[in-house]
Amino acid sequence: MATYAQAVRMALHYAETHLGLSHVFGQDVGAPLGGVFTATQGLKTAWNTPLDERGIIGAAIGLAMAGKRCVAEIQFCDYIFNTIDLLKLAGNTCWSSNGGWCLPMTVMTPVGSGIRGSIYHSHSFDAMMTHIPGWKIVMPSNPKEAYGLMLACLQDQNPTMYLLPKALIYGKGDEAIPGEPSLDQEGSKQLREMIDKPVDPRLAAQWEPNWPTGLTDYTVPIGQGRIVREGADITVVSYGRTLPLCVKAAHRLAEQGIEAEVIDLRTLWPYDWELIATSILKTHAVLYVNEDTEVTNFGEHLIRRTVDELFYDLLAKPRLLAGEFIPGIGLAHTLEQASVPQLETIEKAISEVVAGKL
Amino acid sequence: MATYAQAVRMALHYAETHLGLSHVFGQDVGAPLGGVFTATQGLKTAWNTPLDERGIIGAAIGLAMAGKRCVAEIQFCDYIFNTIDLLKLAGNTCWSSNGGWCLPMTVMTPVGSGIRGSIYHSHSFDAMMTHIPGWKIVMPSNPKEAYGLMLACLQDQNPTMYLLPKALIYGKGDEAIPGEPSLDQEGSKQLREMIDKPVDPRLAAQWEPNWPTGLTDYTVPIGQGRIVREGADITVVSYGRTLPLCVKAAHRLAEQGIEAEVIDLRTLWPYDWELIATSILKTHAVLYVNEDTEVTNFGEHLIRRTVDELFYDLLAKPRLLAGEFIPGIGLAHTLEQASVPQLETIEKAISEVVAGKL
Amino acid sequence: MNAATPLASSDLLAIYDLMVQSRILEEQLIKMFKQGHGFFWIGGPGEEAFNVPLGKLIKKGQGLDYDFLHLHYRSNAVLLAMGMDPVDPIRQMRNTATDTHSGGRNFCGHLSKPEWNLTPITSPIEVQYVTAIGTGIAQRDHKTDAITIVTGGDAGTAEGDFASCLVWSTRPGQELPILIIVTNNQGGISTSYATQHAERHIADRAKAFGMKTNVIDGNDVMESYAAIAEAMHYVRTERKPFLLEANVSRLYGHSSASGANFQAEEDPIARFRECLIQQNVLDVTSIKEIEEKHTQAIHALISQVLTERMPDPASIFDYTYWQQKGRVM
Amino acid sequence: MNAATPLASSDLLAIYDLMVQSRILEEQLIKMFKQGHGFFWIGGPGEEAFNVPLGKLIKKGQGLDYDFLHLHYRSNAVLLAMGMDPVDPIRQMRNTATDTHSGGRNFCGHLSKPEWNLTPITSPIEVQYVTAIGTGIAQRDHKTDAITIVTGGDAGTAEGDFASCLVWSTRPGQELPILIIVTNNQGGISTSYATQHAERHIADRAKAFGMKTNVIDGNDVMESYAAIAEAMHYVRTERKPFLLEANVSRLYGHSSASGANFQAEEDPIARFRECLIQQNVLDVTSIKEIEEKHTQAIHALISQVLTERMPDPASIFDYTYWQQKGRVM
Ligand SMILES: Cc1ncc(C[n+]2csc(CCOP(=O)(O)OP(=O)(O)O)c2C)c(N)n1
Ligand SMILES: Cc1ncc(C[n+]2csc(CCOP(=O)(O)OP(=O)(O)O)c2C)c(N)n1
Ligand SMILES: [Mg+2]
Ligand SMILES: [Mg+2]
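Protein chains in written order, with the numbering used here: chain A, 285 to 642; chain W, 285 to 642; chain V, 940 to 1268; chain L, 940 to 1268.
Calculated from the structure, these hints are not laboratory results.
Positions of the beta carbon are idealized from the N, C-alpha and C atoms, including for glycine.
Treat the hints with care, as some may be off.
[As the list claims (entries may be wrong)] Every beta carbon over 12 Å from chain W, so not counted as near; a handful from chain L, in silico:
1. Asp950
2. Ser1242
3. Glu1247
4. Pro1252
[To be verified] The calculated label-pair distances, taken between Cβ atoms and stated as ranges, are:
5. V/Gly1265 with A/Pro316: 25 to 31 Å
6. V/Gly1265 with A/Gln508: 16 to 22 Å
7. A/Gly304 with V/Val1267: 24 to 30 Å
8. L/Lys973 with A/Glu470: 28 to 34 Å
9. A/Tyr596 with L/Pro1252: 38 to 44 Å
10. A/Gln508 with L/Pro1252: 16 to 22 Å
11. A/Glu558 with L/Gln1262: 47 to 53 Å
[Unchecked claim] Here are the simulated lysine to any residue pairs, SDA-like style, with alpha carbons at most 20 Å apart:
12. L/Lys973 with A/Arg400
13. L/Lys1082 with W/Ser306
14. A/Lys481 with L/Ser1129
15. W/Lys641 with A/Leu599
16. L/Lys998 with W/Gly351
17. V/Lys1151 with L/Ala1137
18. V/Lys1151 with L/Glu1138
19. A/Lys481 with L/His1193
20. A/Lys632 with W/Lys641
21. V/Lys1146 with L/Asp1143
22. W/Lys481 with V/Ala1196
23. V/Lys1146 with L/Thr1134
24. A/Lys481 with A/Trp491
Starting from the given sequences, assemble the full structure and let the hints guide the process.
Given below as structure tokens:
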């Protein structure tokens, strides 16, 4: 049973052996560390860069121009904000050249709170990123789809942004990635022994990964959301760290007779409006949940779209639950909890929307 | 009758002589050019920097830390996107130090379309900027308020972002800045002779500005919008280049019996919600207009707020008219016109919202 | 032509011819701007003595076995020397739908040509110095003599991206085959180099990284040709970076934003012309003929382009994604 | 103490005492992390021989007549040498409401102290090199001997901001009084300097700008003290920048993220201790006494801090703006 980090690693391994992925790079991405979250351990194409985010994104653009498939990592999305011009450039290159150039490149970066990362290891990036045209943006919330969406990115002809919710990174899913050892405890242990680099430096120095042989081209198509839980009372749309919390909240509320339909958006752009709209037409109420700060937030776009297209179908006002509009997430437990949606606040917001239905 | 550029220049002159403004800097901001839009000509504290936006914003932060008042210019907002991390840093410094440091600094940058600026001289910055906590953000739409809001920025203890709609920069207003020569043609000529640098290089080399002596501390408070035109049928909220177009559209629609109330937001953050809400409670319909690209747009925040607080007071669905979600604004006239709101599209959107009222 | 052999008269004449063509083209583009046939002009008059030899020496083609180009907005002459049809910049100036480089979307001087590995020239100063890293990496990994070439102005070297290129191209054991070029015209828009830069030569900044460098008179055709050839030879064979700084003129100011009027700086064409006259390669008649030939040809092209259609408003959505047409959502 | 006179025994002892205090504090902070009394540790064990002299030589105070500090996250010893109460880092480690540097908001090692011109230490690598430009400008314009001091690691010099600082601090006629310090511990988190940097010395990069530089053994107290004093004297009197590169150890790895376990690198305290023993300034008894004194004091402070209150959840909104409390909109 793979963790999220292992799923990414296996997807990258599959891609470097089957899909022509030739460069996986970023700060501490290669040996000895294999990434601060271990997601790039043991990959034959992984290498370490200088400590220079602009160089990293620039290199990815250039590699794509040269026809090379790459995954460039920004160690934390908190450090991507000096490259926004380059992300915009990547997003406008095809358009500016009137279709002359395409940039198949993938940027991967951990986002969000949940590890007590304090001011500079807790940022979200979905709001700003969805404001940049020309990209496709994914944010898987479980290992299996982390695998499948990575393969989708690596087969797209456009720049793709792979947002990795760091709170989930060592967590396991309940669906198997095709080709991984069995889903049980034993399988987890086996997988760990096969593809996790030993912590002991002496063992690590000799170590070679032993990749599962049955990995497949299992792909989650970009642009498709998924109904994670069905329900008739309200549509809850989320992604990333808050998605499993929404599911949990839905289960808890079911005990009180509230049936929430939970959608994992999975792709933030271009997003699955059809799935959302169909669900809202059934439930007549919607709550959007994410943890980016709440002003000029992507959830506000979704609310606008909802109002634009489904205004007269709503029986309650559509709502957004997002991060507080403050300059950072404070280190103390008390502060982090109060800054971004938690299970309790999500549960409360769902109940409130449902209670407000006409 | 001052142009917008002259108004900024006079405000900066007033501030450097009366409010302790000690540094106005950026690319080509000092002599010989005085800014690519002439907004900093003749100022005694204006100087040229290296071609390095990160250095410019960094210098502004440091000057503020040292207790110096400054205005840092980014030549076009199109070139500010590699400094977003520094803007975030400026916005979080007071908060991160738990109130220990304050950063009274002003960044000024031209935004928007309207001069056939093509892909890299037409960008908007209101969406991303309003997503950055800790700043106050203004965007005046006429010379008098350009003056008054600059003085407000220069007296605030926080980082302030002064967005300058470049389409309006050589335009005149119909209200006088206290202290400027008379509002008529003669006054304009006189002001030009007093404070515009001659184009002829030989004259320019000798030139000294002759500042109007009666300039005052006229200030437009940050956080206050203004009703530019009253009306009972719909509230139209805008700022910058599109504001005068909204007013024009309102006048045209009045002939058809539609009375639009037009609000100039003036301050984007913290914005004047009371003014907007009061107006919507009267008109029961609202259109937000800006020209930034439409996904994860600040107008979507305003729609969310509207839905959150006034859902049951709306007789039509609230709407946003913004720039198309494409990677840039094309050079050709046909392309620029089609990419961002114009008089016709604004007029059409207002009519549509009003027509949709229940 | 290559580095070792001196240039034959026919080569010199060909270079001269291209320099004149390029200058006439630029002057006509300025005229188009002044007559209202375009919104903005920026270009390279004054850089022909450097840019034409550069274009001649580029290994032209598509893919890893050809040179990758990350140029800036004064590079029309480079492309003309590579064989670009002069109608291309005219169309871009006029922002017609027929503009093959940007479909009427981008400013003149912002060329893009995948068939020749010309990556899109873009307005933000110096980003080309980081995108060049990527093609450099790809070419380091590939068995070829092709290289990555990146050019930029002097003022722009103050951006961190220039430093990034120095750092990344010299990583020990991972050096990149990049020819880094700085065309130094002693200033940015209105800001002079001397007021902002303590470096005696920008090229000196590369020395701390052990990079080979050269500083040349970019107004001298022979010196430029030889220096470019030598630098290219080094990069092609050693697979390591080289920084070449060329001092050049800027004959019509920064761009139309600063008036695009003639400035009294050294004219590299006049200088080369004198030299060719002295070598008896050129005479008064052929000088006139060359000028007239190009003037007429360019006039004809302008007349043609003025009749071409403007982009369709509905096309604004096209190519946000690869091969996509129409609105996305 | 100043540059010219050799250090008296009492000075040496004071430095040693601070180095030990700092080391014990860091080791106790690591222990707090390992015991779950904090979420993250980063700090400067291994840099004491450089950081304590630096702290001692700073002109401490608030405003333009005192040194402005733009430090990085390994600077606890600098601040202790300036007289900071050791309870401060402990509170930051424990993220209590009583943390005067960030109110429990920021990681340990991220100090901020307006009274001493210590601008907030922040996580993003190298932004301090551009904010330093601003205080440098203010101090250039002010009649004072106070200067701006900026420090950073070796790996981070690959960020463009480091280059920006070189460019801006050497503008001809507008030089800035900045002491630029690079503490070179030969790597970033896991990435070694040798694999990414072709510069023999990082300091060499400043030479192209005509900047004075020095590269020193930052594990040697005497050498560090003398070099810092000399560099400061130059900056204070010449009002020009100076780049000082100090080779230092990193004794507990990068941070708690990499385990925070002891690494076999040269220990500057052990080295200084030997030297003081040989000079008869220290003996075995006083060594023990000093260690015990600090260990006990810090234990007591930790016990105290563990009883202090956590920040109030409602406080998350405070100070988004100057002197503001509570939700803004
Ligand atoms: C990032 C960025 N900042 C500012 C500008 C505006 N601008 C256009 S050209 C120019 C001067 C460039 O000078 P230099 O690099 O020397 O090149 P030159 O034009 O002299 O060839 C400036 C400031 C820009 N295009 N990009
Ligand atoms: C802009 C940015 N990128 C990445 C990181 C993550 N990070 C923290 S410390 C570090 C290594 C820094 O190395 P160096 O500059 O040599 O300083 P040292 O820690 O060795 O003192 C990295 C990559 C960061 N904090 N900021
Ligand atoms: Mg130049
Ligand atoms: Mg280091």
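Verification of the hints:
1. Asp950: holds (31 Å)
2. Ser1242: holds (24 Å)
3. Glu1247: holds (15 Å)
4. Pro1252: holds (15 Å)
5. V/Gly1265 with A/Pro316: 25 to 31 Å: Taking Cβ atoms as reference, V/Gly1265 and A/Pro316 lie about 49 Å apart, which means the hint is violated.
6. V/Gly1265 with A/Gln508: 16 to 22 Å: 20 Å Cβ-Cβ, so the 16 to 22 Å window holds.
7. A/Gly304 with V/Val1267: 24 to 30 Å: holds (26 Å)
8. L/Lys973 with A/Glu470: 28 to 34 Å: Distance hint for L/Lys973, A/Glu470 holds at roughly 31 Å.
9. A/Tyr596 with L/Pro1252: 38 to 44 Å: holds (39 Å)
10. A/Gln508 with L/Pro1252: 16 to 22 Å: Hint violated: Cβ distance 38 Å, outside 16 to 22 Å.
11. A/Glu558 with L/Gln1262: 47 to 53 Å: holds (49 Å)
12. L/Lys973 with A/Arg400: holds (15 Å)
13. L/Lys1082 with W/Ser306: holds (15 Å)
14. A/Lys481 with L/Ser1129: Holds, at roughly 15 Å.
15. W/Lys641 with A/Leu599: Distance ~18 Å between W/Lys641 and A/Leu599 Cα, so the pair holds.
16. L/Lys998 with W/Gly351: OK: L/Lys998 and W/Gly351 at ~18 Å, within 20 Å.
17. V/Lys1151 with L/Ala1137: Holds, at roughly 13 Å.
18. V/Lys1151 with L/Glu1138: OK: V/Lys1151 and L/Glu1138 at ~13 Å, within 20 Å.
19. A/Lys481 with L/His1193: holds (19 Å)
20. A/Lys632 with W/Lys641: violated (33 Å)
21. V/Lys1146 with L/Asp1143: Given pair V/Lys1146, L/Asp1143 holds - Cα atoms ~9 Å apart, limit 20 Å.
22. W/Lys481 with V/Ala1196: holds (16 Å)
23. V/Lys1146 with L/Thr1134: holds (18 Å)
24. A/Lys481 with A/Trp491: Distance ~7 Å between A/Lys481 and A/Trp491 Cα, so the pair holds.
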